[in-house]
Amino acid sequence: GQQVMQIPQYQHVQEGEDFTTYCNSSTTLSNIQWYKQRPGGHPVFLIQLVKSGEVKKQKRLTFQFGEAKKNSSLHITATQTTDVGTYFCAGEGVIQGAQKLVFGQGTRLTINP
Amino acid sequence: DTGVSQNPRHKITKRGQNVTFRCDPISEHNRLYWYRQTLGQGPEFLTYFQNEAQLEKSRLLSDRFSAERPKGSFSTLEIQRTEQGDSAMYLCASSPGRAGRYNEQFFGPGTRLTVL
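If you're matching them up, the sequences are chains A and B in order.
Take the first sequence: its letters are residues 1134 to 1246, numbered as in the working numbering.
Take the second sequence: its letters are residues 3 to 118, numbered as in the working numbering.
Hints listed in this document are in silico derivations from the structure and should not be mistaken for laboratory results.
Just so it is clear, CB atoms sit at the ideal spot from N, CA and C, and this is done for glycine as well.
A few of these clues could be false.
As the list claims (entries may be wrong) - When the alpha-carbon atoms are kept at most 20 Å apart in a straight line, the in silico EDC-like pairs for lysine to aspartate or glutamate are as follows:
1. Lys59(B) with Glu46(B)
2. Lys1233(A) with Glu70(B)
3. Lys1203(A) with Glu106(B)
4. Lys1190(A) with Glu1150(A)
5. Lys1189(A) with Glu106(B)
6. Lys16(B) with Asp88(B)
7. Lys1233(A) with Glu54(B)
8. Lys16(B) with Glu85(B)
Claimed, not checked - Far from chain A by the CB rule (all over 10 Å, computed), these chain B residues:
9. Lys13
10. Arg17
11. Gly74
Construct the entire structure; sequences and hints are all you get.
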């Protein structure tokens, strides 16, 4: 079945350093979504990428969708303590006629102030 | 607060008991999803509804799990004969589910189940 792998599992950085998490799918995706989950909270939608090679920015966050629509990345420039949390990618593909979102394991980001 | 509510927020039960959780999605959303999340893992898909129709159920879901969305609004997830391995956070999410719209999912706060 469809699998979504995410690396690294953990990342600890100094405040002000950059951070990147990578996502790879075993199958071609119709779109990919990114979510952030704060400690003790629930996943919150960040963005959706649909087009091959798409790049989107949200302030210090840059999201990319690969040309083959099988991988994606999230890059945070100059991290701040408010960026702490777990970042999940979620790939959406059509499986047996039904759209289904498959989440990666997440990358847990911790920051040393 | 995303507008998706779940009840109860916490449930402690003894092994072998049945439990039922409720999810109230955002009112105009057609799609409703159930996920299970354990510590250090991403949400694991369980099932989803388009209006009142259950369109997909994970193969990982045993027959002890059943979900309903009788009027296409709120949904319930029942686990029969609970086992310790069922202990997890059960998340509900809803999305608009309309063509041409983002299918972003709005998650509720979850129900944390502990099976003793």
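Out of the numbered hints, which ones does the structure contradict?
-> As far as the earlier hints go, not one is violated by this structure.
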